[in-house]
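S.K.: Below, each chain spelled out in residue letters.
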Amino acid sequence: MAVKNFVVASFSDEAVLFPAVKKVRTAGYKIHDVYTPFPVHGLDHALGLRETSLHTAGFIYGITGTTTALSCMSWVFNSDWPMNIGGKPHFPLPAFIPITFELTVLFSAVGMVLTFCYLCQLAPFVKKHIFHPRQTDDLFVMAIEVTSKTNTEELKSFLASVGGQQINEQRAEAGWWYGSFAKDDRLFETKRVEAVNA
Amino acid sequence: MHLKYESTLREPLVDGVKDYHQVTEDIISPIEAKPGKLWYVGFAISLVLLAFGIFSVTWEVYYGTGVWNLNKTIGWGWDITNFVWWVGIGHAGTLISAILMLFRQGWRTGVNRAAEAMTIFAVMCAGQFPIFHMGRVWMAFFVLPYPNTRGPLWVNFNSPLLWDVFAISTYFTVSLLFWYSGLIPDFATVRDRAKTKLRKLLYGIASFGWTGSTKHWQRHEALSLVLAGLSTPLVLSVHTIVSFDFATSVIPGWHTTIFPPYFVAGAIFSGFAMVQTLLIIVRKILKLEEYITLGHMEAMNKVIVLTGSVVGCAYLTELFMAWYAAVPYEFATFYKYRAAGPLGWSYWIMMTCNVITPQVFWFRKMRRNVAVTFVMSIIVNIGMWFERFVIICTSLYRDYLPSSWAYYRPSWPEVGFYMGTFGLFFTCFFLFAKYFPVIAVAEIKAVLKTSGESFKKDMEKYEQQPAEQFEAGLHHHDDHHHDAHGAVAHAHN
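From first to last, the protein sequence lines are chains A and B.
All residue numbers for the first sequence refer to our numbering, where the first residue is 1 and numbers rise by one.
All residue numbers for the second sequence refer to our numbering, where the first residue is 1 and numbers rise by one.
Since the hints were derived computationally from the structure, they do not count as laboratory data.
Careful, some of the hints might be misleading.
Calculated pairs, SDA-like style, for lysine to any residue (alpha carbon to alpha carbon, straight line, at most 25 Å) [stated by the list, open to error]:
#1 Lys215/B - Pro82/A
#2 Lys195/B - Val126/A
#3 Lys287/B - Val370/B
#4 Lys127/A - Val370/B
#5 Lys215/B - Ser12/A
One side only, chain A facing chain B, incomplete, derived with CB under 7 Å [as the list claims (entries may be wrong)]:
#6 Leu43
#7 Trp81
#8 Asn84
#9 Leu106
Keep in mind the model is a prediction, meaning the values are calculated, not measured.
Backbone N, C-alpha and C define an ideal beta-carbon position, used for all residues, glycine too.
Please work from the sequences and hints to get the whole structure.
M.R.: Take a look at the structure:
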C-alpha cells in the first residue's frame, strides 16, 4: 500500500456517527474507513460497502471437504486396499457419513478462518496504523483520505459541525507491515529517505 | 433515539451504569493488575496436580497399561469414563457460543468466552485418555489415515473409534478457531491500552494487527455466524459419535438406539454444570458480578434442569426397554448388575445426583441462589462422572461367562492420571483467567445499549407511551432525515 494523508475525527456515540457518515459521504469526501470497538450494525451499509462473500467461500470449502472425504474413503476401500470386513460392502455409505460430515465442517471452518485472515490481512507480527488508541475501546474513529483536491481546513470544520471530536491530521501507511506494537515505527520517514537516495 | 431497542420487561444483561469505556475498564483491568493470593495458591495446586499426572502417565507408559487395574473382563474403566466425562463437559462452550447465538440468546455474551475456553481445555484433557490407553503411545499416529509402508494398510473407516478420532480432532480445531477469532478484537483492546512494552508486544502479536475496520467487522460477523452454523450440528455430532463407540457394539447395556440423544443431553447437562462451577468462582474473584449476573445463572440452571430431566427420562426408558424387550441378558445387565449387584451403589449415586437433586431448580429462588447453584453444579458433575462409569463398567463386569466375572477398582496410576487432567485443565484455566479477557468485551459493548440496565431505564418513558404516539415519534424522526437527505441531494444536482 502507500503512505497517505488523513484527516481523523472521533465520535463517542453511534447515534452521532450515523448521520455524520451520511453527511460526509454526500458532501463528496472519501471515507478511508471507520474504526469501531465493536460491530456496529448497519454501518457497513451506511458506508456503502458491499456484502461479504465469505459465506460463499465457506460453502465451497465445505463441499470440498465432503468430496475429499467420500472420494478418499471409497478409493481406499474399493481400489487401493479392498478389505473384507465381515462380508460387508466395500462402499458402506452410512458408515462413511460421520467422517464425511466432520471433514465438511473442518474444511469449511479452517478455510473460512484462513480466508478471513487473508482478506483482512490479519496474522501474527502484522502491524497496522492505529489512528486513535481508543478506537478499540470506546470511540468510533473516522479517517478521511486527503486527496489533491481536498481543502483540509474546510474538511476539519465540516467534521466539527457534524459532531466529530479530537479532529487532527495524520500521515500514515494505509496498509500493513511486519512490526511490533511495542515500537513506534515511522514508516513514512523511512520512505522519504529512500526517495532522496534514488 | 437509540438504534436498537429491547423491551424493558426483559432483565438487563449488564447491571449498573456503564458506558463503553467502563466495560473495557471492568473486564481488561484484571489482566493488567497483579493476580491476588488466591490465584497463586490455585495455580500452584494445579501445577502440583499436573506434575503428579505426568508422573502417573510416565509410570504407565514405562511399565505398560498393565499397571492399570483393567482386566480381560473390564477392558474399559476409568480411562474411558474420564474421556467421555471430559468430552461431555467440553460441550457447553460450543453450545453456548453456537446454538445460543443462532437462537439469538443475548445472555450468552456474558459467559461465552469463558465457556469456550473451558470447552477447549476439557477436550484437551479428554484426548489424553484414549491416546494413553493405546499403551504404545509413540504409535498413536497410526490412527491417522496416511499412505504408509505397512501395505499401505489403512485405518478402518467403518469403525466408530476412528469416527471418534475425526470427531474429537475436528471439534477441537473448530472450537479453537471460533474462540480465537472472537478473541482477536479483544486482544486489540488490551494492546491499545497497554502501558508496558512487553504487553504491547505480546498482545500486538496475539491481536494479529486488528484495527476495528468496518469491513473487517462485517467479515467477522459473517465468519462468526457461519462458524456458529457449522458448530451447531458439530457439537451434536461429537457426543453422538462418542455414544456410537458403545451403541454400535453388541454388549447388553451398550447396544441401545437411545444413546445419541441421551449422551448429547448428558453432555450439555454436565457442561453447563462445569460452566457454573467455574463462573461462580470467576465472577467473585474478578469482581464481574455485573456482567455474569444472577439472570445468567438462572438461565443456565434452567438448561440444567431441562437436560437433567431428559437424562432421567433416558434412564427410565432404558429400564423399561430392558424389561419390555424380554432379552434375558439385557434384563440381567440392567436389573441384576446395574441397579443391584456389587457395583449397584454407583448406579444409585448417578440416579440421585443427576435426576433427583437437580429438580430443586424448578424453584426460582433456588435457581437464583449462588450457593445452591455452586453445590448443585458439583453434584451434577459427580453424577455425570458416575453415569459414564455405570454405563461402561456395569455393562462389562458381568459378561456371558460367569467364570470371568470380575470387580473393578482403579489403581493409583489411573487415579493419578485423572487428577493430572484436573491439573492440566485448571492450569490452563488459571492462565486464561489471568491473561485473557474472560468476557467478550466487544460483544458486551454491542448489546450494552439494548440490554444494559442504565440504558433500559432511559427507554422506560417510551414504554409508557401509547403505541400511536410512539409510532408518530418515529415517523417524525424519519421525515426529518429524508428532508435533510433530499436537500443535500438537490444541492449536489
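S.K.: Decide, hint by hint, whether the structure agrees.
M.R.: Against the structure, the hints:
| no. | hint | verdict |
| --- | --- | --- |
| 1 | Lys215/B - Pro82/A | violated, 50 Å |
| 2 | Lys195/B - Val126/A | holds, 20 Å |
| 3 | Lys287/B - Val370/B | holds, 14 Å |
| 4 | Lys127/A - Val370/B | violated, 44 Å |
| 5 | Lys215/B - Ser12/A | holds, 20 Å |
| 6 | Leu43 | holds, 5 Å |
| 7 | Trp81 | holds, 6 Å |
| 8 | Asn84 | violated, 12 Å |
| 9 | Leu106 | holds, 4 Å |
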